[in-house]
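Trainee: Starting from the given sequences, assemble the full structure and let the hints guide the process.
Residue numbers (our numbering), protein chains in the order written: chain A, 596 to 1089; chain C, 596 to 1089.
Keep in mind that the hints were calculated from the coordinates and are not lab data.
The structure displayed is predicted, hence computed values, not measured ones.
Here are the computed lysine-lysine pairs in the BS3-like style, where the Cα-Cα straight-line distance is at most 25 Å: (1) C/K914 x A/K657; (2) C/K919 x A/K914; (3) A/K918 x C/K653; (4) C/K918 x A/K914; (5) C/K914 x C/K939; (6) A/K914 x C/K655; (7) A/K939 x C/K726; (8) C/K981 x C/K905; (9) A/K715 x C/K627.
A short, non-exhaustive set of chain C residues, derived as facing chain A with CB atoms under 7 Å: (10) C629; (11) P634; (12) Y637; (13) K657; (14) Y660; (15) V687; (16) G692.
Yeah, the Cβ is synthetic: ideal placement off N, Cα and C, and Gly gets one too.
2 protein chains.
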Amino acid sequence: MADQITPREKDFSQWYQDVVIQSRLADYSPVKGCMVIRPNGYAIWERIQRQLDDEIKKTKTKNAYFPLFIPESFLQKEAEHVEGFAPECAVVTHAGGKKLEEPYVVRPTSETIINSMFAKWIQSYRDLPMKINQWANVVRWEMRTRLFLRTTEFLWQEGHTCHKNGEESEAFTIEMLKVYQKFAEEVLAIPVIAGLKTESEKFAGALRTYCIEAMMQDKKALQAGTSHNLSTHFAEAFETKYLDHDGQEKFVHQTSWGVSTRLIGGLVMTHSDDRGLVLPPRVAGLHVVVVPVFGKATKDLELKKRLLEKSQQLVDAIKEECKKLDYSIEIELDADENKKPGWKFHEYEMIGVPIRIELGPRDLDQDHVIATRRDLSEKQTIKMDKLPRWVCSQLVQMQKDLLEKARKFREDHTHQASSFEEFEGLMKDQGGFVEVPWSLDAESEKKIKERFKATPRCILLDEANKPIRVQQPCFTTGKILPEGNVKVIFSKSY
Amino acid sequence: MADQITPREKDFSQWYQDVVIQSRLADYSPVKGCMVIRPNGYAIWERIQRQLDDEIKKTKTKNAYFPLFIPESFLQKEAEHVEGFAPECAVVTHAGGKKLEEPYVVRPTSETIINSMFAKWIQSYRDLPMKINQWANVVRWEMRTRLFLRTTEFLWQEGHTCHKNGEESEAFTIEMLKVYQKFAEEVLAIPVIAGLKTESEKFAGALRTYCIEAMMQDKKALQAGTSHNLSTHFAEAFETKYLDHDGQEKFVHQTSWGVSTRLIGGLVMTHSDDRGLVLPPRVAGLHVVVVPVFGKATKDLELKKRLLEKSQQLVDAIKEECKKLDYSIEIELDADENKKPGWKFHEYEMIGVPIRIELGPRDLDQDHVIATRRDLSEKQTIKMDKLPRWVCSQLVQMQKDLLEKARKFREDHTHQASSFEEFEGLMKDQGGFVEVPWSLDAESEKKIKERFKATPRCILLDEANKPIRVQQPCFTTGKILPEGNVKVIFSKSY
Chain A
596 MADQITPREK DFSQWYQDVV IQSRLADYSP VKGCMVIRPN GYAIWERIQR
646 QLDDEIKKTK TKNAYFPLFI PESFLQKEAE HVEGFAPECA VVTHAGGKKL
696 EEPYVVRPTS ETIINSMFAK WIQSYRDLPM KINQWANVVR WEMRTRLFLR
746 TTEFLWQEGH TCHKNGEESE AFTIEMLKVY QKFAEEVLAI PVIAGLKTES
796 EKFAGALRTY CIEAMMQDKK ALQAGTSHNL STHFAEAFET KYLDHDGQEK
846 FVHQTSWGVS TRLIGGLVMT HSDDRGLVLP PRVAGLHVVV VPVFGKATKD
896 LELKKRLLEK SQQLVDAIKE ECKKLDYSIE IELDADENKK PGWKFHEYEM
946 IGVPIRIELG PRDLDQDHVI ATRRDLSEKQ TIKMDKLPRW VCSQLVQMQK
996 DLLEKARKFR EDHTHQASSF EEFEGLMKDQ GGFVEVPWSL DAESEKKIKE
1046 RFKATPRCIL LDEANKPIRV QQPCFTTGKI LPEGNVKVIF SKSY
Chain C
596 MADQITPREK DFSQWYQDVV IQSRLADYSP VKGCMVIRPN GYAIWERIQR
646 QLDDEIKKTK TKNAYFPLFI PESFLQKEAE HVEGFAPECA VVTHAGGKKL
696 EEPYVVRPTS ETIINSMFAK WIQSYRDLPM KINQWANVVR WEMRTRLFLR
746 TTEFLWQEGH TCHKNGEESE AFTIEMLKVY QKFAEEVLAI PVIAGLKTES
796 EKFAGALRTY CIEAMMQDKK ALQAGTSHNL STHFAEAFET KYLDHDGQEK
846 FVHQTSWGVS TRLIGGLVMT HSDDRGLVLP PRVAGLHVVV VPVFGKATKD
896 LELKKRLLEK SQQLVDAIKE ECKKLDYSIE IELDADENKK PGWKFHEYEM
946 IGVPIRIELG PRDLDQDHVI ATRRDLSEKQ TIKMDKLPRW VCSQLVQMQK
996 DLLEKARKFR EDHTHQASSF EEFEGLMKDQ GGFVEVPWSL DAESEKKIKE
1046 RFKATPRCIL LDEANKPIRV QQPCFTTGKI LPEGNVKVIF SKSY
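Mentor: Right, here's the structure in full:
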C-alpha cells in the first residue's frame, strides 16, 4: 500500500511534497536543486504546452530556438539585468577539454542572446513587429528549491517581441497578460488576478512587469506568469534598431513574457486534496478509467468475457462521445487481475483521474455502472446507455466547478484594509490577500516584508489596464499622491 | 532581390549553406558552434516532433524530463562511455557565485543520469519494461560545425528503456529502428538503409548500435538515427536491478535511441534544388499559398474585391478538402500589395511551399487558376471547382514522388564490388554507396578511411534483422569467416 499523504491542515508544505512524489509527478534528482519530471507530470506539461502554444500562435508569434549558452559579456550589457541575474548563473568555463577564452553562462532567460539576433534580422519598419517564442530549459541557481515551484533548472516558454514604438509594445505586453489570464482560468481552472508589479518586484531590465497572481489553498500567492514591457532597454544595449518611414534610425520597443513548469505546482496547490491529485480535465493526462470488478466473474470465464466486452464497448462509446470536446481525452480499461480493485481505486484517486467507472457482474445485470468524479467522490449509479453523455458533460462541468471553487476560496480569503492596524490584524489572523490603498512608499514595503513576510503581489488595474487610482489615504503613510493612490494586494507568496 | 544560391554542381557545401540561410531555416549565433533555429526551421522541427512523438507513444513509451546537468563522476562510471564523450563535454565549474564541489557536465546524452533514476524506480519484474523518452537539448563540443548537421548544441529525442532480458532489449532496439525507418521514409520522404554499425562506429557504451543511413544528393551518407542495445553495461555501472520471479536480483537490459535536428539538414540535402528548399508536405510549415495577381485590378476596386473574395473562397475550400489528409495543413492568402508577384514567387520557391496558386483578373473570367507544384515547376491551369481536390491529391502525390525520386537516386549511386580493385575504382570514379562482402577486418577499415575518407556505414541485415552472411571472399583480405562474411556499405559521410 502506498504511503499516507500528510493532511493539508497538519502541514501544507509536507502535503504538497507528498502529493507530488506519490502521484509520481516528479522526483528529486542527484543534481542539486534539479528535479526529474516523471511521465505523470510531463503529460500535464505536454497538455499545457499544446494548448498554450495554440494561443501564442494566434497572436502571430512564431516558435524558434536560440542557444543555451550566453557569452558572459552579453549579460553585462544591460545594467539592471546583470545585477538581477548574475548571482544566479551557472557558468561553463571549460569545454572540449580546454579552458574557454570567454566563459558562457547557461541561460537564465534569453533577452540578451535573442537581441544579438534581432539586431541582425531587423533593418526596417517592414520587419516589425517581430514576434518570437521559444520553449526551452533555463537555469537559475536557487538556494532553497521546491519541486516545480522553484528549481535550479526549469522548463518554460519565453516570448520576445519587437515593435515600432512604446504604445505598440505596451499593448502587446497587455495582450499576452490577457492570454495568460484566460489560459490560467479556462485551461488550468486557476483564477488569477492580472496586475502590475511594483518597482521592487519587476523583472531585472524591464520598464514594467505585469503578472498573474493566484491564491493557493494555504492562502499564499503564487506568481503564475509575467509579461514585461522592456521599452528600449535591451535594444539600446544591443543596438537593435530599425529604419523608420521617416528615414530615421530608431530603437525597437520590446516585450518578453513567460510561464513555466511552476504552473504544475500551482495546479497541485489549487485543486488537490488529502487523497492526492485533483486535475482539471483539460490538463489531465488520463481522463477516464474503466475498472471491471470481477468478483464472482473471476472464475466464471463466460461472465468475465461478457464483463470485459461490455467494458470495452463503454470505453469505445465514451471515446466517440467525447470527440465533441475541444481537447482530446485519454481513457483506459484496467482489467489487470494482479491488482485488487481497492488498490486501483486508491491509485486512480492519487494520480487524479477525473472520472472512474466501475462495473461488476451485478451491474452488468442491472445495465448500469458506478461512476465517481474525482473532485466530488460520491459514487453515482449511471445507466449504461446514458454513460457516454454523462462522462462528457461531467468533464465539462468538473472543469467549471474547479474554477468556481478556487474562485470562491480566493474571494473568501481576500480582505480589505484601510489602515495599518486593520492590515496588521488581517495579516496576523486571516492571512490571504489583503487589498489596500497605497502610496507606493518603499519604506513601508520593506517593513511589511520584514514583519509579515508579505510583499505587494500586484497593483490592481482598471478596465483600460492602467493602475486603479483612488483618493483614499495610504494605509501606511496616510498620504494621498497627487495622481491618487493605487490599490494593491499584499500577501505571503511562493 | 535575394542573393543567388550557389548551384549544387558548383559547390554542394556552399549550396547547402546558401539554402539554409536564405530560406531562413537557421542562422549562425554569436556562440561558437551553436546555431539559431529560425521560425521556418523550427516549424519543420515541430512537425517532426509531433509525428514522431505519436509513433513513439504507440510503443507505450512515455515522455519525461531529466536534468541538463550530470555530475562528472556519473559519466565516469561506464568506461567506454566516458572515453567516448568526455573530450566533447562542456563543464560547469561555477554556479551561484561559487566554485562547485563537483563539476557538472552539460548532458551530451543522458544514459547516466537516467540510470541513476531507473535504479531508484525499478525494484521488481512488475516495473518492467520501463520505457521513457525525452525531447531535449544536448551539447557536444564540436570542432568543425555545420548548420543542423553538426552543431555544438542540438535538439533531439532520446529514448531509454529497461527490459527483463537480452532478447527483449534486442527486440525493442530493432522495433525502434523500424519506427525510425518508417518515419524517415513516410514522413521525411528520405529512403534509408537500416543496418548495424561496426565496432568502430558504435555508440560509446553500447553492445550493438543499429542505424538508418540515407544518401544525400552529393552521394555522401548521412546517419539519420540510431538505436542502441546497451545490454547491461549501464545497469551494471548504476546497479539498476530488479527482483525476478525466481527471487533473484538481476540487471535490467537496456536500449537507447535518438534522432535529432540533423534530420532537417537531411531533408535539405535530399530534396532541395538550386532554387531553394523543397519540402515533403508532411513536414512543411506552410503547404499552400494563394497569390492574387492584381494587374489591372490594382486600380479597379470592384474587380480587386472580387479577386480577393474568390481567393478567400478557394483558400476555404482547399482547407475543407484537405481535412481528409492525416496531417493538418497551413494555407496562406498573400494579398500584400507592397510586394510584387515575381518577388513573392521567388520567395515561396525559396522557402519550399509545396503548392503555389496564382490568379489574376483574366483567370477570374475564365474560372481557373495557375498552379505550380514546387518539385515540378511546371505551371498548370486548373479549373476552380477542381482545385481543392487537385491540391489535396497533389500533396499526397508529391510526398510519394519525393521519396521515389530519392530512392531512385540512391539506387543509381549504389554499386557492388567484390575485389579491392573494383572498390577502389568505384570510390574514385563514382562515389556513392559501395556494397562489399567483408570479413570485418579492422586493418582494411583503417586503410580505406585514410585513403578514401570512407567508412563502413552499416552492415546489411536480413529479414530476421541479423547480419546477412555470405560465402563470398572478403573484398580486401580474400578470407571467408567461419560464420560467413557480412555485406557492408562503405561511403563517405557527414
